[in-house]
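Enquirer: Following my numbering, the numbering of the sequence shown begins with 4 at its first residue and continues without gaps.
There may be inaccurate statements among the hints.
Simulated pairs of lysine-lysine, DSSO-like, Cα-Cα distance not exceeding 27 Å [unchecked claim]: (1) 302 <-> 398; (2) 551 <-> 447; (3) 129 <-> 58; (4) 129 <-> 66; (5) 551 <-> 504; (6) 447 <-> 559; (7) 577 <-> 547; (8) 302 <-> 66; (9) 555 <-> 596; (10) 504 <-> 577; (11) 66 <-> 204.
Derived by calculation from the structure, the hints in this document are not laboratory data.
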Amino acid sequence: EEKQQKRSNREALLKIILHFLRMKREDLAKILQSSKRLQHLFVPSGTSSGRCQIKLKSNLQKKFQRVFEGVAKGKPTFLNQIYTELHVTEGETAEVNSEHEVRQIETASRKPDRPETTIRHEDLFKPVPGREESIRTVMTKGVAGIGKTVLTQKFTLDWAEDKANQDIQFTFPLTFRELNVLKETKFSLVELVHHFFTETKEAGICRFEEFQVVFILDGLDECRLPLDFHNNQILTDVTESTSVDVLLTNLIRGNLLPSARLWITTRPAAANQIPPECVDMVTEVRGFTDPQKEEYFRKRFRDEEQARRIISHIKTSRSLHIMCHIPVFCWITATVLEDVLKTREGGELPKTLTEMYIHFLVVQSKLKNIKYDRGAETDPQWSPESRTMIESLGKLAFEQLQKGNLIFYESDLTECGIDIRAASVYSGVFTQIFKEERGLYQDKVFCFVHLSVQEFLAALHVHLTFINSGINLLEPQTSTSLVKMFKKHYLKRLHQSAVDKALQSPNGHLDLFLRFLLGLSLQTSQSPLQYVVTEIGNGSNATKKTVKYIKKKINKDLCPERSLNLLYCLNEIKNYSLVEEIQRYLQAGRLTKKNLSLAQWSALVFLLLSSDTNLEVFDLKNFSSSEEALLRLLPVVKACSTSDFISLLKDCNLSERSCEALASVLSCQSSSLKELDLSHNDLHDSGVKLLSDGLRSSQCKLKALRSCKGHFFTLQLMCILLRLSGCQVTEEGCAHLASALSSNPSHLRELDLSYNHPGDSGVKLLSEKESNWKLDILKYGPT
4 EEKQQKRSNR
14 EALLKIILHF
24 LRMKREDLAK
34 ILQSSKRLQH
44 LFVPSGTSSG
54 RCQIKLKSNL
64 QKKFQRVFEG
74 VAKGKPTFLN
84 QIYTELHVTE
94 GETAEVNSEH
104 EVRQIETASR
114 KPDRPETTIR
124 HEDLFKPVPG
134 REESIRTVMT
144 KGVAGIGKTV
154 LTQKFTLDWA
164 EDKANQDIQF
174 TFPLTFRELN
184 VLKETKFSLV
194 ELVHHFFTET
204 KEAGICRFEE
214 FQVVFILDGL
224 DECRLPLDFH
234 NNQILTDVTE
244 STSVDVLLTN
254 LIRGNLLPSA
264 RLWITTRPAA
274 ANQIPPECVD
284 MVTEVRGFTD
294 PQKEEYFRKR
304 FRDEEQARRI
314 ISHIKTSRSL
324 HIMCHIPVFC
334 WITATVLEDV
344 LKTREGGELP
354 KTLTEMYIHF
364 LVVQSKLKNI
374 KYDRGAETDP
384 QWSPESRTMI
394 ESLGKLAFEQ
404 LQKGNLIFYE
414 SDLTECGIDI
424 RAASVYSGVF
434 TQIFKEERGL
444 YQDKVFCFVH
454 LSVQEFLAAL
464 HVHLTFINSG
474 INLLEPQTST
484 SLVKMFKKHY
494 LKRLHQSAVD
504 KALQSPNGHL
514 DLFLRFLLGL
524 SLQTSQSPLQ
534 YVVTEIGNGS
544 NATKKTVKYI
554 KKKINKDLCP
564 ERSLNLLYCL
574 NEIKNYSLVE
584 EIQRYLQAGR
594 LTKKNLSLAQ
604 WSALVFLLLS
614 SDTNLEVFDL
624 KNFSSSEEAL
634 LRLLPVVKAC
644 STSDFISLLK
654 DCNLSERSCE
664 ALASVLSCQS
674 SSLKELDLSH
684 NDLHDSGVKL
694 LSDGLRSSQC
704 KLKALRSCKG
714 HFFTLQLMCI
724 LLRLSGCQVT
734 EEGCAHLASA
744 LSSNPSHLRE
754 LDLSYNHPGD
764 SGVKLLSEKE
774 SNWKLDILKY
784 GPT
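All chains, please: the whole structure from these sequences, using the hints.
Expert: Here it is in structure tokens:
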């Protein structure tokens, strides 16, 4: 009633203002009435559309004011009480990244804190300074569990509570989970809105173009509709019936309701389903910064000493610390550590991801025993019912992971042999692992609380199936009786087939699954699972053979991402021999004298990337003055997070092969390389041409380029200095440089080409710089 009175007062005040303006200034009255920011006040509460808006806001408040994030059903938490402002930035990493999202988080943890445009959720559709065109469609990216859905819920709740975006008359939040089950049903756009938001149907609203409307489409990565933007029919009539797929493509393209605003959220890998020309602004949810991680745990644990111990423990484990960028993982970690500290005073805290997830499963089983079986906290966690549930959920997790599915419908569960009624029981019991959702008038939708939980349960299913029955789910079946006779030998085979499958994955989607599967084989992992595993034995011999196999694979010419994941796998089974060996070489200053194997190079990269100390200067001579060393250590150059990173590659026997690799660094948005010294390397004009391709990239922010004597070229992404001294650069190389600077004037301030052979024409090309070049100093000195 109070809100209704305030709304009526605002409407009355506006009418008075308009009345006075029309006496002498009709022009101002028209401007005021056409203002989009005041448009909502022209939906009088006494009209059918006004009553509809009030009812819609009331229903959305009821729906979104409480959340169940990580909390058992029946104990919701008010969103406004727990919401923490997320780090949302305009723009994104330019390069397409199809890696496993955990690898993306691990890579992002090394990125520099550079100036960014931070956007508050309430300002999402507001004009951006310096941008004249209006924003119709916003796409927000972020890895699973980073907080995208909660962000949309907060946006909707603020609108419904009249706290923000009151220039919007109607907000329609939809999820692709809900839209998926309408795949075979035909609707018009008006009918689709009426279907989900019955308030609009009751009010008889069909002309949505008369209102400022926002559609929120949450979870593009969960979409099971074709979204065929190229072949779908063009539709402009909001009353014409067609498939939901055609409706969405035309709504997103702006053929339907061009005046509407759209907000689409997605995990990064699925973003390319929407044509870039259909998106006006891209934002990215970055997750918790390091200070926010600490803030989270200090809020969760009021005891200062307890909070300090937990924060300190997480910092000692690189894997755990990185994963805590994801809010959901912070909650999982807090859930586990709270239980461990309470039940094992002075006990050792979980250090690996596998140990963390095993304990998470134990905590959930313990809660189930207490809540549903009326057991004591000290009772064995794994009742027969719990075992059955875990086995069923593990089977579902594994089979759907193989298909790439993260959400499941009744048909998916039936395929896995899970009765739909049983699934509802699982979601009611293991609420913090397995969730059941129901859209308006829709079938039930199931999912795991986070992708990593699904991957862990999938690995557990493969592990338990082998241990309990001798069946290797990762390769064609072998006689189970034979496997049981030689189980230790075949456990090694299970691990090897898992390693091979993970390496064959083009995007690393089995990387985390592999870490969990190997981690489960440790003896320390068996004890908490003793009531699930029918037979516990000593698999240390198999683990040793697995370590040997992994090292053999690392010693092959793998891409850096796969090698790094295998090193994380060694960490998961607590084998640190490769990294410790490299550490000894570094500490003794003997690294430059060693002829490192491929495995040792990979270990060195892993060590440098895992270090808390940021490199400010990368001097290749500290490792080896060779082209092979540069190519092996290139991931370090790409990932360095120091804002003024300098790479010294002077006189390191580099050739044009290195130039191609360095050009990829220059064109990589995430690189923070500021200065690159390539003096006295035989790069020649062909090498300069390759480097120029990097300079030509719109991502390159090189500010200074110096070259002297020979074919040398120095290059940097956000580079201040580029030295090409003595690199045998001729007129041809100067032409490539001039072309690159014309394509991307960037920030290059200084170019040093001394001790080269630019010739008069080369000097002229670079001296007669174009007006938009930032080049202040050009040195070409003696030849």
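Enquirer: Next pair to validate is residue 551 with residue 447; report whether the Cα-Cα distance is within 27 Å.
Expert: With a Cα-Cα distance of about 46 Å, the restraint between residue 551 and residue 447 is violated, given a limit of 27 Å.
Enquirer: Going straight from one Cα to the other, do residue 551 and residue 504 come out at no more than 27 Å?
Expert: Holds - the C-alpha atoms of residue 504 and residue 551 are around 17 Å apart, at most 27 Å.
Enquirer: Hint check: residue 302 vs residue 66, CA-CA at most 27 Å. Holds or violated?
Expert: 26 Å, holds
Enquirer: Compare the distance between the alpha carbons of residue 302 and residue 398 with 27 Å, and conclude whether the hinted pair is satisfied.
Expert: Since the Cα atoms of residue 302 and residue 398 sit roughly 36 Å apart, the hinted pair is violated (cutoff 27 Å).
Enquirer: Run the distance test for residue 66 versus residue 204: straight-line Cα separation, threshold 27 Å.
Expert: 19 Å, holds
Enquirer: Taken at face value, is the distance from the CA of residue 559 to the CA of residue 447 at most 27 Å?
Expert: With a Cα-Cα distance of about 47 Å, the restraint between residue 447 and residue 559 is violated, given a limit of 27 Å.
Enquirer: Could you grab the alpha-carbon distance between residue 555 and residue 596 and see if it respects the 27 Å cut-off?
Expert: 23 Å, holds
Enquirer: What's the verdict on residue 504 and residue 577, does the C-alpha distance respect the 27 Å limit or exceed it?
Expert: 22 Å, holds
Enquirer: Mind checking the alpha carbons of residue 129 and residue 66 for me, to see if they're no more than 27 Å apart?
Expert: Holds, at about 26 Å.
Enquirer: Given the hinted pair residue 577 and residue 547, is their Cα-Cα distance within 27 Å?
Expert: It holds: about 11 Å lies between the C-alpha atoms, which stays within 27 Å.
Enquirer: Below or equal to 27 Å on CA atoms is what counts here, so check residue 129 against residue 58.
Expert: Given pair residue 129, residue 58 holds - Cα atoms ~26 Å apart, limit 27 Å.
In summary, the numbered hints that this structure violates are 1, 2 and 6.
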